[in-house]
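Residues per chain, in single letters:
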Amino acid sequence: MKRKVLLMGASGSGKTSMRSLIFSNNPASLTARLGATIDVEQNHVRFLGDLILNLWDCGGQDAFMDSYLTTQRSTIFQHVGVLIYVFDVETHEMHKDLDYYRDCLDGLRQFSPDAAVFLLVHKMDLVRDRAPAFERKKRELQEQSEKTPVTVFGTSIYDESLYRAWSNIVHTLIPNAAVLSKHLTMFAEACSATEVILFERTTFLVIATSAPPSAEASDPPDAASELDPARYERTSELIKAFKHSCSRVREEFHALEMELPEFTAVLDEMTKNTYVLIIVHDPTIETAALKLNVRMARRKFEELQGLV
Amino acid sequence: MASTYGATSSSALPQRTPSCASMSSSPAKSVARTKILLLGQRRSGKTSIKEVLFNDLPPKQTFYLETTMRVDKHAYDTVIPLEIWDCPGNITVETLGAPLAQFSALIFVIDIRDLYKQPISKLVEFIVAAYHDNPSLFVEVFVHKAEKLQEDDKIENFRQIQERVQDDLMERECEQMPYNFHLTSVYDHSLHEAFSKVLHKLIHSLPFLEDLVNVFCANTQSPKAFLFDIASRLYVATDNSPVDSATHNLCCDYLSMLNSLGSLYRAPTSRATRMRIPADESSPGELPRPNETTPTKNRFYPSAAASLHPSTPGTTLTYHLVTPHLALLALVPTAVYEGRRGLLEYNVVFFREGVQEICQVEVEARGGG
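Residue numbers (the numbering used here), protein chains in the order written: chain A, 10 to 317; chain B, 3 to 371.
Think of the hints as simulated: they come from the structure by calculation, not from any bench. Predicted model only: the values in this text are computed from it and were never measured. Be aware that a few hints might be false.
[Claimed, not checked] List time: in silico DSSO-like cross-link candidates among lysine-lysine, alpha-carbon distance up to 30 Å:
1) K11/A with K309/A
2) K124/B with K203/B
3) K124/B with K252/A
4) K146/A with K156/A
5) K119/B with K199/B
6) K11/A with K281/A
7) K252/A with K150/B
8) K252/A with K62/B
9) K147/A with K150/B
10) K199/B with K252/A
11) K309/A with K13/A
12) K156/B with K203/B
13) K281/A with K13/A
14) K147/A with K105/A
15) K281/A with K252/A
16) K150/B with K203/B
17) K146/A with K62/B
18) K150/B with K124/B
Please take these sequences and the hints and turn them into a complete structure.
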């Protein structure tokens, strides 16, 4: 199944930077080397077995924007699964940005009325008081979107916020996310795990997580509910950074196991395009047992993804 | 946020005091600390260096640091207790308020773009003073903010600064005073590598630690192993094979990932059940004091392993906690790690006992035990 993802926004707002960070495993420090995108750069990203993201990175210079809205209008806005519109938080031309944004929404309503719309308020690292600045922008953007339901995220390539936004976006595109989540929950029970998280292999975006164990079943206050709410995207960011360090010495990261005072964790390949992270707070569970469980579950998860 | 995996993994062990302020009120005050003087012009990056290494400040945040107005004495416990004196830019030998003889090392920070006379004459001033007061002082020059220049300019400026210092010292007839130059930046691993090298000179027990790492490497077929300080990610000792920057950087990044992951999935109320030993269950909530007569034996030490592909035969990066502050990171062939893990861990136990013994002697010698 192919899903078309439109990546739009003013020139220099950071579209290509985030694409290179998420999909090409480049570090944030190298994004300064990227040049302006000319017209539309199309990418196909195989994401899980049968899902292909068809990413349209649309150059944001005015001349291109005008042509997207006129002569190329039907090509651009047809069959869109997701529109991601990027706003530079520090832009000096918010009015112009918003004009183009509204025009793009019109195009989308005309050709792909069912597309999901995500708005990223980007370069949040440049703002010192992030929360109020973001709330202000969010309200403004929601007003401008009128009836169209939109999801707004504040993002920066220098922290985990970008992974949070993209994990959410990708989650809406995965057809069997609920099924995966159900099986991950069963898998977590089999491992006596606090939680289990499934990542996509190349992007390390979160695909699905196990549901928290039911409240009455756990007599000590349940550990998962008090963990850092940003842990998934932080994990994506950390593993991506380490993968990049490995690639600099021409090695490839493969698996990780940790036995720490408070918990045990195993990060291992689940299928050929996913990784699984198992977090166990029970000190009697050994990493070898967790690895064995991953091996046993591999076939089932391959089936779920339609790989066999 | 600031608490790292290293510090928090030690609830049954002596806790590291996070800041200098609370340190001065603790009973450990009597410990003789090895003093490092951090000097340089205003805005050369002294406080940035101190904060990035010892307070876990993200390098991008150094931009917001305020100017240091008076000497800030930062205590830091690693294999030896350190005290880093972060000085304001305008300080001189006279206004320092302590004789140079008290210090073991002097780190002079020069902004790589600052080729003018001022920082160099100031550095020379201090070297001359040290030559008279404390000839055994290690003088280390950090040519800093290397990331600001392109590769060619960087090397050229680095060379020019060295030359000028040399010429000035010749004039002052002080050329016998030894000193070293390092090219550093907070944005990559060069700062960690340079500071580690300075630290090595201050550790008197270094040869013994190195012997232990050598033995470990020989017994586990490890091509490279580092004993790291967990929180600062400085390496305290390594085996005698040459340090290749790429490997060092990888270990440094690995440690930083483990530090972050460790705190991410630790629930605030979950207790470190493994670190608890049956004896102290009688006194819940009370931490054992660091200098009890019998050092508490731990039954559990955190460990981790990351396997890397595809280079045949495959490498595994292992991590083993050795003391509350130190961890052993080793590159081990995956075949050895998977096939003879028991033996590997047996070797770690001996390594750990050796290092702990050395640290204990150090504590006693400094009047902390």
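Verification of the supplied hints:
| no. | hint | verdict |
| --- | --- | --- |
| 1 | K11/A with K309/A | 24 Å, holds |
| 2 | K124/B with K203/B | 24 Å, holds |
| 3 | K124/B with K252/A | 44 Å, violated |
| 4 | K146/A with K156/A | 17 Å, holds |
| 5 | K119/B with K199/B | 27 Å, holds |
| 6 | K11/A with K281/A | 19 Å, holds |
| 7 | K252/A with K150/B | 26 Å, holds |
| 8 | K252/A with K62/B | 21 Å, holds |
| 9 | K147/A with K150/B | 36 Å, violated |
| 10 | K199/B with K252/A | 27 Å, holds |
| 11 | K309/A with K13/A | 28 Å, holds |
| 12 | K156/B with K203/B | 27 Å, holds |
| 13 | K281/A with K13/A | 23 Å, holds |
| 14 | K147/A with K105/A | 17 Å, holds |
| 15 | K281/A with K252/A | 16 Å, holds |
| 16 | K150/B with K203/B | 29 Å, holds |
| 17 | K146/A with K62/B | 24 Å, holds |
| 18 | K150/B with K124/B | 23 Å, holds |
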